[in-house]
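These protein sequence lines are chains A and B, in that order.
With positions in the first sequence counted from 1, the corresponding number in this note's numbering is that position plus 92.
With positions in the second sequence counted from 1, the corresponding number in this note's numbering is that position plus 781.
Source of the hints: derived by calculation from the structure; they are not laboratory data.
Quantities reported herein were computed from a predicted structural model and do not represent experimental measurements.
Where hints are given, some of them may not hold.
Have a look at the derived ranges for each label pair, beta carbon to beta carbon [said to hold, decoys possible]:
no.	chain 1	residue 1	chain 2	residue 2	range
1	A	A224	B	K796	55 to 61 Å
2	A	E98	B	S788	36 to 42 Å
3	B	M1302	A	R229	56 to 62 Å
4	B	A856	A	L223	49 to 55 Å
5	B	E886	A	E98	27 to 33 Å
6	B	R821	A	A224	41 to 47 Å
7	B	R791	A	D177	55 to 61 Å
8	B	R859	A	A224	53 to 59 Å
9	B	F1280	A	K170	51 to 57 Å
10	A	R166	B	K796	36 to 42 Å
11	B	E947	A	K197	51 to 57 Å
Which stretches of chain B does chain A cover? Using the computed rule of at least three CB atoms under 8 Å from a CB of chain A, they are [to be verified]:
no.	segment
12	812–823
13	831–837
14	915–928
15	946–955
Where a beta carbon is used, it is the ideal one built from N, C-alpha and C, also for glycine.
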Amino acid sequence: MNCRSEVLEVSVEGRQVEEAMLAVLHTVLLHRSTGKFHYKKEGTYSIGTVGTQDVDCDFIDFTYVRVSSDELDRALRKVVGEFKDALRNSGGDGLGQMSLEFYQKKKSRWPFSDECIPWEVWTVKVHVVALATEQERQICREKVGEKLCEKIINIVEVMNRHEYLPKMPTQSEVDNVFDTGLRDVQPYLYKISFQITDALGTSVTTTMRRLIKDTLAL
Amino acid sequence: METDLNSQDRKDLDKFIKFFALKTVQVIVQARLGEKICTRSSSSPTGSDWFNLAIKDIPEVTHEAKKALAGQLPAVGRSMCVEISLKTSEGDSMELEIWCLEMNEKCDKEIKVSYTVYNRLSLLLKSLLAITRVTPAYRLSRKQGHEFVILYRIYFGEVQLNGLGEGFQTVRVGTVGTPVGTITLSCAYRINLAFMSTRQFERTPPIMGIIIDHFVDRPYPSSSPMHPCNYRTAGEDTGVTYPSVEDSQEVCTTSFSTSPPSQCVFTVTKAHFQTPTPVVTDTLRVPVAGLAFSHQLSSSRLSYQPAALGVGSADLAYPVVFAAGLNATHPHQLMVPGKEGGIALAPNQPTHGAQADQERLALYTPSDGAHCMATPSSSEDTETVSNSSEGRASPHDVLETIFVRKVGAFVNKPINQVTLTSLDIPFAMFAPKNLELEDADPMVNPPESPETESPLQGSLHSDGSSGGSNSNAHDDFVMIDFKPAFSKDDILPMDLGTFYREFQNPPQLSSLSIDIGAQSMAEDLDSLQEKLAVHEKNVREFDAFVETLQ
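Extracted from the complex, chain A is given alone in its bound form:
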């Protein structure tokens, strides 16, 4: 099975980077999270409830919906913050991208480590612009808000195709498919990485890769 890949591009002002990325990542994770599984006898399981909350952006005329999980929010904010700092410090053209990858673990025999097989990758390319006047910033607020609306519609469209999703796992396999480390929700296993690119789209020598995992084990 191939990994499907979706790419989104946004052009934002420096202070809008965080919120734009969080909006996109949270929207994707909203669709890719379920309630906590509770396995019962005979291989049946029940699913917990996922709550949602609206988040208003401070620098963009936009509101997005995220799952009500502070842990997940913190994890995302952490990595997005690092991305923002990297963008700022790179001093380049302000181009970068973040990747949200959903994967499945496949157990391998010892001594080989587990394989991570991605099944969906979302890439968000960011272009940071610098604006001079307050009026331009106001226009940018609106424009970026509209752009994000379009991105959300794109994301929903992809989600709606009902393409491959990992099979629901048995209790022993659940950690190979889902991230069970959170208290209140259970997203599919994911990892987020980012890159700062130069104008040609290639990684600069100081490429930074970070892996984030929510599970406390690791």
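We have chain A; now place chain B onto it with these hints.
Relative to chain A, chain B alone:
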């Protein structure tokens, strides 16, 4: 037809579709309440959360939805539609969106009802949550209150998209295939938000600077049972009791199985249970009049006119939103459940109770002034008391002013034709009140440090002074550092300011000046006889000409 579907599956599927429809309506209406929605995740399943999503059930909305469905389910040709519209305090209304839950004939026989369909319906609800925040009506609904409210109406049957104006756009939220058909959820929304009111030319300009918050008792058309996106607090006696949810709600306790599909275990139990009152705070937010936010009719697709933010003064004269003018506030706002924290604001609206009307105005009696609360700690919709230092919130809100019926800046209109109090401009109170006092008016003779003036003062100046019918009087004034609005400091000799000065006072028409005029009048009178004679001679030509026109 459905021989493949056993009766248990069929029953389950019907139940899923029914509750999906009810939840869809809840999500849509709650998204238009004007408030941020927040529900909690729960790791242990309570059994009452359909589709594993925490979506509150507002009893009134459920009641309306059930009434519209009348025991039926969406089927081919019978769609469930939620219409979202806007109603101004003037009584003008406009449809904004139609959300349609449709069913078509394309069946997916292979799909597993209890598992795949259920999960996909859950995913579709999540998509709906995301999409409802993305259409233009969302931002409108967040700003509703004083001058307009958002109403919803549920109907079942044929989708009617006529009210959305030209060029409406459609967004598809998603589809889910089932063995009996494919469920499709989509939204058609208006993009042409120009508000066409035929009354706009008949009304006199409203009085500015006065917050009008009396109510006009408007009879609502009984044909369209619109409802405000409204929420009833617990414990209020409304006189209309809705069947409480617990009587008819069915519980879905689903267990899923990881074993092969043939052994799929799925239990749905019907249980009566006490639906906990939705955990919304008891306080209601009363939209506070007099804030600059109240005239926002904003949409991401509308252009805005930047307005100067003056010193944060609550009694700014602010432009009228709708060309139709603004007279009375609309009573039914979005009684929004109170927000967290914030400042208690005094309500200055008398009872809404007057408008019970046919609209089932659930029950808000603002005489419970004590309830009125608050404001968001972070959201931007209320307190834009034009504190320009507020940062992102207030400039955003005040800037989104549209359809302003202004006496334009630079309009050369004699000032006595326009009542100053009705000048539709910011800072109208500062506008020159009297031509004779223009000498002393600081607006006309700007003080030494003009940089502190807001750019609009320049325009006000020209507005006031250009209206002088004694245009010659302006030659007596010497402009010092006249800064016209919207002009940059350019180095060109012919800059905007020079342009103003030169062309502010056009020369009088020669026929109107007394000395020359008198003479020419006399001459005209004399030559009149000759002219008449000439015309009479050519009368046939004139007639022929007129014939060609007919």
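Cross-check of the supplied hints:
1. In this structure the supplied range 55 to 61 Å holds for A224 (chain A) paired with K796 (chain B), their Cβ-Cβ distance being about 59 Å.
2. Restraint check, E98 (chain A) to S788 (chain B): a C-beta distance of roughly 41 Å satisfies the suggested window 36 to 42 Å.
3. The hinted range of 56 to 62 Å is satisfied by M1302 (chain B) and R229 (chain A), whose Cβ atoms lie roughly 60 Å apart.
4. A hinted range of 49 to 55 Å for the beta carbons of A856 (chain B) and L223 (chain A) is consistent with their spacing of about 52 Å.
5. Range check, E886 (chain B) to E98 (chain A): about 31 Å between beta-carbon atoms, so the 27 to 33 Å window is met.
6. At about 44 Å, the CB distance of R821 (chain B) to A224 (chain A) agrees with the hint of 41 to 47 Å.
7. At roughly 56 Å, the beta-carbon separation of R791 (chain B) and D177 (chain A) lies within the given 55 to 61 Å, and the hint holds.
8. The supplied range of 53 to 59 Å is met by R859 (chain B) and A224 (chain A), whose beta-carbon atoms lie about 56 Å from each other.
9. For F1280 (chain B) and K170 (chain A), the Cβ-Cβ distance of about 56 Å falls inside the hinted range of 51 to 57 Å, so the restraint holds.
10. The hinted window of 36 to 42 Å between R166 (chain A) and K796 (chain B) holds, with their beta carbons roughly 38 Å apart.
11. In this structure, E947 (chain B) and K197 (chain A) meet the distance hint of 51 to 57 Å, their C-beta atoms being roughly 53 Å apart.
12. Chain A is given as covering the segment 812–823 of chain B, and this holds because 7 residues of the stretch bring a CB closer than 8 Å to a CB of that chain, at least three being needed.
13. Look at the segment 831–837 of chain B against chain A: 3 of its residues bring a Cβ nearer than 8 Å to a Cβ of that chain, three or more, so the hint holds.
14. Evaluation of the coverage hint for the segment 915–928 of chain B: fulfilled, as 5 residues show C-beta separations to chain A shorter than 8 Å, against a requirement of three.
15. Requiring three or more residues with a Cβ within less than 8 Å of a Cβ of chain A, the coverage given for the segment 946–955 of chain B holds, as 4 such residues are present.
In this structure, every one of the numbered hints holds.
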